[in-house]
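Trainee: Chains as they are written, first to last, in my numbering: chain A, -15 to 303; chain B, -15 to 303.
Hint data in this document are derived by calculation from the structure and do not stem from the laboratory. Just so we're clear, the structure is a prediction, and the values are computed from it rather than from any experiment. Heads up, a few of these hints could be off.
Have a look at the derived ranges for each label pair, beta carbon to beta carbon [what the hints assert, rightly or not]: (1) A/Val41 <-> B/His283: 27 to 33 Å; (2) B/Ala146 <-> A/Val41: 53 to 59 Å; (3) A/Gly260 <-> B/Glu268: 37 to 43 Å; (4) A/Ala189 <-> B/Asn102: 41 to 47 Å; (5) B/Gly59 <-> A/Gly282: 34 to 40 Å; (6) A/Val302 <-> B/Arg40: 54 to 60 Å; (7) B/Asp142 <-> A/Ala117: 54 to 60 Å; (8) A/Gly260 <-> B/Lys120: 44 to 50 Å; (9) B/Arg299 <-> A/Pro56: 43 to 49 Å; (10) B/Ala(-9) <-> A/Asn102: 44 to 50 Å; (11) B/Arg40 <-> A/Arg168: 25 to 31 Å; (12) B/Pro9 <-> A/Asp266: 39 to 45 Å; (13) B/Gln301 <-> A/Gln301: 15 to 21 Å.
In the BS3-like style, the derived pairs of lysine-lysine whose C-alpha atoms are separated by at most 30 Å in a straight line are [stated by the list, open to error]: (14) A/Lys70 <-> A/Lys269; (15) A/Lys184 <-> B/Lys107; (16) B/Lys184 <-> A/Lys184; (17) B/Lys184 <-> B/Lys120; (18) A/Lys184 <-> A/Lys167; (19) A/Lys(-10) <-> B/Lys184; (20) A/Lys70 <-> A/Lys120; (21) A/Lys120 <-> A/Lys107.
Beta carbons are placed, not taken as given, at the ideal position from N, Cα and C, and that holds for glycine.
There are 2 protein chains.
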Amino acid sequence: MSDLPKAIEICEKGPREGLQIEPGPIPTQSKIDLIDALSETGVRQIQVASFVDVRRVPGWADAEAVVGGFRPRAGVRYSPLWLNEKGLERALQFKDRLAFRDAILMSASEPFMIRNQNSDTAKNAQRQHNQVALLKANGILAESALIQAAFGCNFAGDISIAQLLETIRQAFDIAKEHDVVLKRVSLNDTMAWATPETVKQAVGAVRERWPGLRINLHFHNTRGLGIANAYAGLELGVDSFDSSVAGLGGCPFAGHKGAAGNVCTEDLVFLCDELGIETGIDLEKLVEAARLAEIIVGHPLPGSVMRGGSLRRLRQQVQ
Amino acid sequence: MSDLPKAIEICEKGPREGLQIEPGPIPTQSKIDLIDALSETGVRQIQVASFVDVRRVPGWADAEAVVGGFRPRAGVRYSPLWLNEKGLERALQFKDRLAFRDAILMSASEPFMIRNQNSDTAKNAQRQHNQVALLKANGILAESALIQAAFGCNFAGDISIAQLLETIRQAFDIAKEHDVVLKRVSLNDTMAWATPETVKQAVGAVRERWPGLRINLHFHNTRGLGIANAYAGLELGVDSFDSSVAGLGGCPFAGHKGAAGNVCTEDLVFLCDELGIETGIDLEKLVEAARLAEIIVGHPLPGSVMRGGSLRRLRQQVQ
């Protein structure tokens, strides 16, 4: 139990990951309102927009308007998602407002990358080289990599530890060619294959190979294990997690087949509060943001604490 | 990791706990259909009905018809819930069809017991004595106790380990006066106060005090931690869990304020399948029963694997 971290960093993914999957177009102002509400909760990183092909993701045709429109708060890192040089160039127009984390985008599954980014391993490596160079030309070091399908893939099956380590090694190599040293890697369970045990195995193996590397964990709740997987990470002292307010992102309750959203941010913050792990986030304010998210999408979202309430108020009542 | 159990027993609570909370009356035949469907999954214990005050729980006015109507399958234990002698007498009419587990009903919180069972500690002790005697007169040993509010209570706050142990000790004493030795205790997180860490603390303390006692864990998902709490129990080798098909029981998505259902059975079985823990349950058949439950209640239920699917089929596809 003593390996629990004292504090963790939460990277809020709801605005970016959650709103693109909704069937109705979400008004630009609603996206901005949600980002601004999240900025007030104490969360220190928010992914705010996708700079991707508008034909493939029409819900993010307004990425520029959203990024230009939110109210930046000191101490909060606002980050974009991009999948290729064109998207990165669009995002770099806002480099005074954005932080370029998860800069090197890899996939432990080549079949997934071919489907998602239209790139095989070689093409992706070249693309990442170009992007690291482009970032460097803009004064930004690509010190952080994101590994998609880190635990398993619907098109490739289970991902071995060897395959995961090899993918991270390739990310280190890409950075190194530009004299950049990776400091952080995000293990993304893109298709919800992780279990608490495979989380522990992966974290253990990555740490053994690169002891100083900071690990971020990103889980989806498609098979109900998101919070258990996060707890498994906490047990090993992992101190950085992606999550999504109200569980935004993929909505099984609206009849979207398959993928569910990320681990719900309120539920994760509640867990941390109860375990004595500092998140810097005010849970009651976060629950308000979760309710705003539900109003914006217009249907119930899967978060639990936004309905069940925290225990703090109950404790106060019985005192 | 090595403390994970090789096999666990799952006690399905969906038919009893899930159907009483639904706003519309559930037809008797639908309850029977769900029980019969669950009987085909490999689950070895199903709680099938509540013999409680019909004025307080009108949804179980048909307890006799349900218990008389399902098709018993060899190897499956069917259990009733009762809260007082009158309910127990009603259930005992069906003693050839029912197994009387969780026979001694205690609460670690007196304020909760007063609200839920209209009994203070002294009155409840007398009631439990009477029931243990009544069971014994029917040839049934009350070897199993259920502790409500084992981790916390909305009306009493956090439950200390000392209070939990004292409550279990009282259950042992009640059994002992009738020459019965408790073999099993169920720690029920009735109001969803447990966290993975308090689960570990409670399991550790109960084991230290009564090393041979089998522990069952019962979690609600009101604050999203159900499956993480179950995983914490598995990590300590706990081998008995309550759960509810499709997450039946309290439905946050139908606007019922507050309490959510138990840990979802399919999600728990999926976790166990992935961890190599035997449950005896066929996950695909269980998912069919979950879908039947959703049809019966007529609204979405919170289970995840019933939507996201297991990984077995995906693995077969990529081979």
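Trainee: So, for every hint listed, does it hold in this structure?
Mentor: Hint by hint, here is what the structure shows:
1. Against the hinted window of 27 to 33 Å, the Cβ-Cβ separation of A/Val41 and B/His283 comes to about 31 Å, which satisfies the hint.
2. For the pair B/Ala146 and A/Val41, the supplied restraint of 53 to 59 Å holds, since their beta-carbon distance comes to about 56 Å.
3. Taking the beta carbon of each, A/Gly260 and B/Glu268 are about 41 Å apart, inside 37 to 43 Å as hinted.
4. Checked against the hint of 41 to 47 Å, the pair A/Ala189 and B/Asn102 fails, with Cβ atoms roughly 56 Å apart.
5. In this structure, B/Gly59 and A/Gly282 break the distance hint of 34 to 40 Å, their C-beta atoms being roughly 47 Å apart.
6. Between A/Val302 and B/Arg40, the C-beta spacing of about 24 Å breaks the proposed range 54 to 60 Å.
7. Evaluation of the 54 to 60 Å hint for B/Asp142 and A/Ala117 yields a pass: the beta carbon distance comes to about 55 Å.
8. Taken as a hint, the range 44 to 50 Å holds for the pair A/Gly260 and B/Lys120, whose Cβ atoms sit roughly 46 Å apart.
9. The hinted window of 43 to 49 Å between B/Arg299 and A/Pro56 holds, with their beta carbons roughly 45 Å apart.
10. About 45 Å separates the C-beta atoms of B/Ala(-9) and A/Asn102, a value consistent with the hinted range of 44 to 50 Å.
11. In this structure, B/Arg40 and A/Arg168 break the distance hint of 25 to 31 Å, their C-beta atoms being roughly 55 Å apart.
12. Between B/Pro9 and A/Asp266 the Cβ separation comes to about 42 Å, which falls inside the hinted range of 39 to 45 Å.
13. Checking the proposed 15 to 21 Å range against B/Gln301 and A/Gln301 shows it is violated: the Cβ atoms sit about 52 Å from each other.
14. As the CA atoms of A/Lys70 and A/Lys269 are separated by approximately 36 Å, the hinted pair breaks the 30 Å bound.
15. With a C-alpha separation of about 48 Å, the suggested pairing of A/Lys184 with B/Lys107 is violated against the 30 Å cut-off.
16. Taking the CA atoms of B/Lys184 and A/Lys184, the gap is about 18 Å. The hint holds against a cut of 30 Å.
17. A C-alpha spacing of about 34 Å is found between B/Lys184 and B/Lys120, which places the hinted pair above 30 Å, so the restraint is violated.
18. With a C-alpha separation of about 20 Å, the suggested pair A/Lys184 and A/Lys167 falls inside the 30 Å cut-off, and the hint holds.
19. For the given pair, A/Lys(-10) sits about 19 Å from B/Lys184 by alpha-carbon distance, which is consistent with the 30 Å threshold.
20. Among the hinted pairs, A/Lys70 with A/Lys120 is consistent with the structure: their alpha-carbon atoms are about 16 Å apart, no more than 30 Å.
21. For the suggested pair A/Lys120 and A/Lys107, the alpha carbons sit about 20 Å apart, so the restraint of at most 30 Å is met.
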